[in-house]
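Peer 1: Sequence:
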Amino acid sequence: MSSTSGPRIKEIIITPIAVVDPPLLNAAGLHAPYALRTIMEVITDDNISGISEIPGNKDIDAALEEAKTLLIGRDVFQLNEIRHVLVERFGTDTSAQRGETPWDQRKLVHIFSAVEVACMDIIGKVTGRPIVDLLGGKMRDRVPFSAYLFYKYEGAGGELAFDIDPNATGWAAARQASALDPAEIVAQAQAMCKEFGFQSIKLKGGVFEPRQEVDAMFALYDAFGPNFPLRVDPNALWTVETAIKYGKEMEPILEYLEDPTRGQENMAKVRKALKTPLATNMCTTSFEDIPNSVAIGSEDIILSDHHFWGGLRASMTLSGICETFGRGLSMHSNSHLGISLAAMVHLGAALPKMTYALDTHYPWQSDEIIVGGRFKFEEGAVLVPQEPGLGVELDREALEKLHQNYLACGLTKRDDEPEMQKKVPGWKFKSVRW
Numbered sequence: 066m067s068s069t070s071g072p073r074i075k076e077i078i079i080t081p082i083a084v085v086d087p088p089l090l091n092a093a094g095l096h097a098p099y100a101l102r103t104i105m106e107v108i109t110d111d112n113i114s115g116i117s118e119i120p121g122n123k124d125i126d127a128a129l130e131e132a133k134t135l136l137i138g139r140d141v142f143q144l145n146e147i148r149h150v151l152v153e154r155f156g157t158d159t160s161a162q163r164g165e166t167p168w169d170q171r172k173l174v175h176i177f178s179a180v181e182v183a184c185m186d187i188i189g190k191v192t193g194r195p196i197v198d199l200l201g202g203k204m205r206d207r208v209p210f211s212a213y214l215f216y217k218y219e220g221a222g223g224e225l226a227f228d229i230d231p232n233a234t235g236w237a238a239a240r241q242a243s244a245l246d247p248a249e250i251v252a253q254a255q256a257m258c259k260e261f262g263f264q265s266i267k268l269k270g271g272v273f274e275p276r277q278e279v280d281a282m283f284a285l286y287d288a289f290g291p292n293f294p295l296r297v298d299p300n301a302l303w304t305v306e307t308a309i310k311y312g313k314e315m316e317p318i319l320e321y322l323e324d325p326t327r328g329q330e331n332m333a334k335v336r337k338a339l340k341t342p343l344a345t346n347m348c349t350t351s352f353e354d355i356p357n358s359v360a361i362g363s364e365d366i367i368l369s370d371h372h373f374w375g376g377l378r379a380s381m382t383l384s385g386i387c388e389t390f391g392r393g394l395s396m397h398s399n400s401h402l403g404i405s406l407a408a409m410v411h412l413g414a415a416l417p418k419m420t421y422a423l424d425t426h427y428p429w430q431s432d433e434i435i436v437g438g439r440f441k442f443e444e445g446a447v448l449v450p451q452e453p454g455l456g457v458e459l460d461r462e463a464l465e466k467l468h469q470n471y472l473a474c475g476l477t478k479r480d481d482e483p484e485m486q487k488k489v490p491g492w493k494f495k496s497v498r499w
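Residue numbers 66 to 499, in the working numbering, belong to the letters of the sequence shown in order.
By construction, these hints were calculated from the structure, which means they are not laboratory data.
No residue lacks a Cβ here, since even glycine has one placed at the ideal position from N, Cα and C.
Among the hints, erroneous ones may be present.
[Stated by the list, open to error] Ranges of calculated distance between the beta carbons of each label pair, as one might list FRET restraints:
no. : residue 1 : residue 2 : range
1   : Glu458    : Arg207    : 18 to 28 Å
2   : Lys337    : Ser70     : 46 to 56 Å
3   : Asp228    : Ser70     : 51 to 61 Å
Whole structure, please, built from the sequences with the hints as guidance.
Peer 2: Next up, the structure:
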């Protein structure tokens with residue numbers, strides 16, 4: 066044992082929050098008026114505070130509460146030991162526990178990523194270094210993101226739900242507008258790119274029959290031109306035949322095609338038939354999935370996510386594996402605020418290679434819980450924070466307000482199916498639709 070030790074964990078505070086979210090459509094249904102996030106604050110015996118943010122879910126919140134007793138008294142630098150005690154208590158996740166939805170339902174990866182980011186925030190403050198330096202150092206000063214378009218019903222979300230604020234202007238107005246056909250998708254893209262300066266575009270598909278979504282991609286190509294990378298994500302709802310048919314049609318215009326079909330075997334069949342690279346955050350989602358992915362060739366690009374891959378250091382490990390086996394690496398996103406964005410930016414800055422702009426839902430959120438308000442995007446990129454740790458601090462007034470939203474809204478986990486049924490009675494999720 067070392068004779069020196071770092072600060073020890075004295076207290077852990079778990080705060081579930083609810084963030085205003087517009088009625089965005091996806092393969093699993095419709096976003097609720099609020100997106101749930103959970104904020105973790107770790108406080109050391111010498112009163113240094115570290116923070117993190119993960120997707121909100123009452124089961125994971127309960128597990129985080131349970132984890133407190135395992136973590137109190139531990140040295141924040143001893144992340145390997147912390148991971149070991151969490152694995153012993155909660156077990157390892159299987160790929161099956163991820164679920165069929167576009168979001169991830171595993172437990173341990175969320176718990177450890179929350180704990181790790183908060184501890185690394187503290188380690189950064191103790192050492193006076195930003196988290197990017199704890200991951201091996203900065204490869205770029207700015208991290209590029211892609212515009213992330215959604216089909217959506219008219220509505221602002223939150224208390225307004227399907228209503229809008231008539232006084233909103235610019236992107237705040239465009240964020241409320243309906244986007245149910247190619248022309249409205251193009252208008253959404255133009256407003257988002259004008260506000261944030263994005264240099265590439267992703268469309269969340271799996272909502273309408275493929276012809277409409279493919280037409281939307283060609284409409285985007287016509288509007289933005291050949292030098293604007295485009296990608297589309299049908300969320301694995303297409304059959305192999307559908308994916309090949311429309312994939313071939315879109316070959317001239319796509320940067321990559323994300324999760325056109327479900328499962329590694331089907332993805333491998335589609336990949337053999339197309340020139341366009343395939344990306345995934347659904348068929349290869351954990352380290353145990355990688356050997357078969359490599360053996361059969363199920364994708365070209367893995368969309369990592371530190372919330373789902375078990376933290377920032379595990380994501381750096383994934384980067385090395387991708388380099389070894391000739392995979393590209395980019396980043397997946399869910400509805401999130403600035404603590405998650407800060408962690409994503411530090412990781413994005415540390416990755417040895419960044420061929421593709423990262424995903425972010427950040428334009429769809431209007432709330433924030435960090436001091437100083439929302440991150441600024443310039444030409445679609447975010448400057449890497451230079452302050453120690455994450456480089457962001459909790460706005461406690463905003464945190465309390467969003468916690469009250471959580472208590473008032475009654476949501477305890479994400480479930481897009483009942484929300485969709487408000488618009489389409491009897492609607493049911495199907496894992497393969499076209």
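Peer 1: Run every hint past the structure and note whether it holds.
Peer 2: Evaluated hints:
Remark: the range hint 18 to 28 Å for Glu458 to Arg207 is upheld by a beta-carbon distance near 22 Å. A hinted range of 46 to 56 Å for the beta carbons of Lys337 and Ser70 is consistent with their spacing of about 53 Å. With their beta carbons about 55 Å apart, Asp228 and Ser70 fall inside the hinted range of 51 to 61 Å.
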